[in-house]
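Asks: As a plain string of letters, each chain reads:
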Amino acid sequence: MTALQKEQYIEFTVGAETCAIRIEEIHEIIKMLSITDIPFSRNEVKGVVNLRGKVVCVMSLRNLLGMADEPYTKATRIIVVRYREEFIGMIVDKVNKVTTYDEIHPPSGGHGRGREGIFLGIGMRGEQLIGILKLEELLSG
Amino acid sequence: MTMDLSAYRDIFIEELNDQLERMDQSLLALERAPSPEQIQTLFRAAHTIKGSSSTMGFREMSDLTHEVEYALEWVREKKPEISSLLIDTLFKALDAMKLLRGQYISGETFADCRAIVTDIQALINKPAVQEPVKLPELSVAETLKAEEAAAGGQQLLAIRVVLKPDCLMKAARYHILHQRIEDLCGTIIADALAPAASSAPDEDERYSRFVVVIATLKEKEAIYSQLEGDSDIETLEISLFRLDSSVEAAGQTPLPEAASPPQPGAPADGQVKANQPTVRVSVERLDHLMNLVGELLIDQTSLADMNAAGLRRDPAMALQNISGVSDHMGRVIKELQEGVMKTRMLPIDQLFSRFPRLVRDLSQKLGKELELVVQGGETELDRMIIEELSDPLIHLIRNSADHGIESPEVRAASGKPAKGRITLTSFHEENHVVIRFEDDGQGIDADKIKASARGKGIITVDQAARLTAQEAVHLIFEPGFSTASQVSDVSGRGVGMDIVRSQIGRLNGIIEIDTEPGRGTRFTIRLPLTLAIIKGLLVKVSGRVLIIPMYNVAEIVRITPEEIQTIQGEHAIINHGRMVPFSWLHDKLHYPRAERSAKTLPLVIVRSVDKIAAFAVDEIIGNQEVVIKTLGTFLGTMNHLSGATILGNGRVAVILDASYLVSH
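Line order of the protein sequences matches chains A and B.
In terms of the UniProt record's numbering, the first sequence is residues 1 to 141.
In terms of the UniProt record's numbering, the second sequence is residues 1 to 664.
Bear in mind the hints are in silico, worked out from the structure with no lab data behind them.
Owing to the predicted nature of the structure, the values given are computational and were not obtained by experimental measurement.
Heads up, some of the hints might be wrong.
[Stated by the list, open to error] To spell it out: a stretch of chain B is covered by chain A in this simulated footprint if at least three of its residues, at any positions, have a beta carbon under 8 Å from a beta carbon of chain A; those stretches are:
{"hint": "1", "segment": "382-389"}
{"hint": "2", "segment": "621-634"}
{"hint": "3", "segment": "652-659"}
[To be verified] Every beta carbon over 10 Å from chain B, so not counted as near; a handful from chain A, in silico:
{"hint": "4", "residue": "Glu17"}
{"hint": "5", "residue": "His27"}
{"hint": "6", "residue": "Asp37"}
{"hint": "7", "residue": "Ile38"}
{"hint": "8", "residue": "Leu64"}
{"hint": "9", "residue": "Leu65"}
{"hint": "10", "residue": "Ala68"}
{"hint": "11", "residue": "Pro71"}
{"hint": "12", "residue": "Ala75"}
{"hint": "13", "residue": "Lys97"}
{"hint": "14", "residue": "Asp102"}
{"hint": "15", "residue": "Gly117"}
{"hint": "16", "residue": "Leu129"}
{"hint": "17", "residue": "Glu136"}
Every residue gets a Cβ at the ideal spot worked out from N, C-alpha and C, and that includes glycine.
Let the sequences and hints guide you as you build the complete structure.
Replies: In structure tokens, the structure reads:
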């Protein structure tokens, strides 16, 4: 896990949870844009947005983590990541900061909700535990 | 030889495609009317292919093409009668070349073309097949000598020489060359002659081909240039000789070259390189685009010059200037758009030129006389559409040749010329391209179609009774439909026509069928000019802006709710005297339908390929040009959408797929 520890992460809030994504995987973070819904798409796909002329699919990270959607607020952000040669947006409640972790533990099983695979590891800062998301797993479902 | 050729692979393949197509056409022309020009064209194309293939290390192709070139040269020199055997053999060789090309592109192992080579050689009475001279098997002493030389930093080379057929006193030439190699190049370790074959009665012929293995400090290229000038040498090949290769040489492999280039088809370094399509654009078109970009730059500079100071001094003047520049920019951008579009356009001849060969083969296979007439080949359309059109048109031609055109006897009996005629016409009409496919065959018999469709369970007895002749004819597009009483290998697997429909539907096209029993059938295919930018009709449904390709909008009408009729549980309206299925676009897309206060409903009548349907929307906004953007692969298959676009207000709007709308 030493390789993971040196890396920088973007830490954000989704519902009651704090999660992080490796900064290398993030293309940019944008404010909420008006979303056009796509008929007959999966529930967690909220639609598409215009990212400077590119049509980018936007997902609800809340839905992906098994939570219900909440109304968007001023703090709501879209984290745009690169996934399999495409850009994908993920809606989060709030982006906190760029950070590193002193200690990262391997993901523990038994989270329930059948989502063991979606974490790369658990970052620790003091008492706080932060799930580091594994995009490949999270988005492939 | 270590040069990385993978960068040229795409260019090579493209050139190969061009040259093969050219050969195809010239060969067809040659069959119709022999002319020295056609032979010359064929020869040049073969020569080009041979050269570029051998540069690319594509030996299989260059060897085969060498034979073709040799045969063509023979035809050019000896001017024999252009027999059908000759043409057929050349076509066969061409097919083999195409096969090799396919295998090269996909990286498969190459097919064995020796049978064709033998055919060609038999045709032109070339001396018996020349097995390459086997590398000499080194004796123990020779091996030691070679090992010693190799240890001393010398490299081992195998020099293969083939003397010219008209060279006199080959044995003497052999000894002279042997001596020259010894003098100029390095130490001769071993040599080998062609085997004393019983087919070569002349002992001298044995010396016409030989291999010499040498140990040298010189580079291969240097030796090559030393020897290549010799006027008696027909071909000269120099390759690295590996000591253990003589073991292989004793086996089956005729080409045991240590330095043989990597398998051309095999992806270099395990990295699979996609065959990126390239476009050829005339320099004139590019210059025009460059000029337009130049004008845009000037506009941009003048906008930058209109700074805040100017605006304060004389706002009215500044505004006028800005609107002037904006107008100009608008015009330039429009022109730029057209110009860029044109770079995507190709004349449809690129497609049509593939068909004479197909018709020729069908004619031979079916024993019917067929003639293909092509008109309007210069009509341009998007290269992508051209590619996609190939399969549907091939299906139509096959169907027509197989089912449409009668046997010569039947034709004669009904007073038609023995030769069946298929006509392909293309032209622009308004904002689309029309491709008309006609034959003068027996036409489509609506009753026979109905009976067959009923037999196959595509329609019920009830439905059959209600179908008009025109509607019955369209049943040929239904999956699983085929009227051929026996399955032939030309057509008649019952898969053809529904592929035609789905393919044309994918291109947002429309097909009409006109048929007259006994006289022939005509398919009229209408296609948009391009798929990159389309005119779209913007409609509002449940507060969302949706786009329907204008191309597929037959009509926009307003109706009162009372006009919606229910026929057998399905909603329909009457439009121009015919029944059109009706539905709410809301229902179709599972959006909630709002309570309406207005008395009339705006209705969009959508058509695609051969179907039509009416959709009620909340509001018609209008039409505009939209640039189609893909939705990407992440969303999965979205058959109901043909893409998305960005509207003037920056929002994304989805573009509905017309063939989905009318078919589900």
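Asks: State for each hint whether it applies.
Replies: Taking the hints in turn, this is what the structure says about them:
1. Counting residues of the segment 382-389 of chain B whose C-beta sits closer than 8 Å to any C-beta of chain A gives 0, which falls short of three, so the coverage hint is violated.
2. A count of 6 residues in the segment 621-634 of chain B with a Cβ less than 8 Å from any Cβ of chain A is obtained; the coverage claim is therefore met, three being the minimum.
3. Here's how the segment 652-659 of chain B fares: 3 of its residues keep a CB closer than 8 Å to some CB of chain A, so the rule of at least three is met and the hint holds.
4. With a cut of 10 Å on Cβ distances, Glu17 (chain A) stays outside the contact zone with chain B, its closest approach being about 24 Å.
5. Every C-beta of chain B lies more than 10 Å from that of His27 (chain A), the closest at about 14 Å, which supports listing it as non-interface.
6. The beta carbon of Asp37 (chain A) sits about 7 Å from the closest Cβ of chain B, which is not more than 10 Å, so the claim that it is off the interface is violated.
7. Consistency note on Ile38 (chain A): stated as away from chain B, yet its beta-carbon is not over 10 Å from all of that chain's, at 6 Å minimum.
8. Against chain B, the non-interface label of Leu64 (chain A) holds: every CB pair exceeds 10 Å, the least being about 13 Å.
9. For Leu65 (chain A), the requirement that its beta carbon stay farther than 10 Å from each beta carbon of chain B is met, with the minimum near 18 Å.
10. No Cβ of chain B approaches the Cβ of Ala68 (chain A) within 10 Å, the least distance being about 20 Å, so the stated non-interface status holds.
11. Once the 10 Å rule is applied to beta carbons, Pro71 (chain A) is consistent with being away from chain B; the minimum gap is 17 Å.
12. The Cβ of Ala75 (chain A) sits about 22 Å from the closest Cβ of chain B, beyond the 10 Å cut-off, so the non-interface label holds.
13. No Cβ of chain B comes within 10 Å of the Cβ of Lys97 (chain A); the nearest lies about 28 Å off, and the non-interface call holds.
14. The beta carbon of Asp102 (chain A) sits about 35 Å from the closest Cβ of chain B, which is more than 10 Å, so the claim that it is off the interface holds.
15. No Cβ of chain B approaches the Cβ of Gly117 (chain A) within 10 Å, the least distance being about 19 Å, so the stated non-interface status holds.
16. The beta carbon of Leu129 (chain A) is kept farther than 10 Å from every beta carbon of chain B, the shortest such distance being approximately 30 Å.
17. Look at Glu136 (chain A): its CB is around 13 Å from the nearest CB on chain B, clear of 10 Å, so calling it non-interface holds up.
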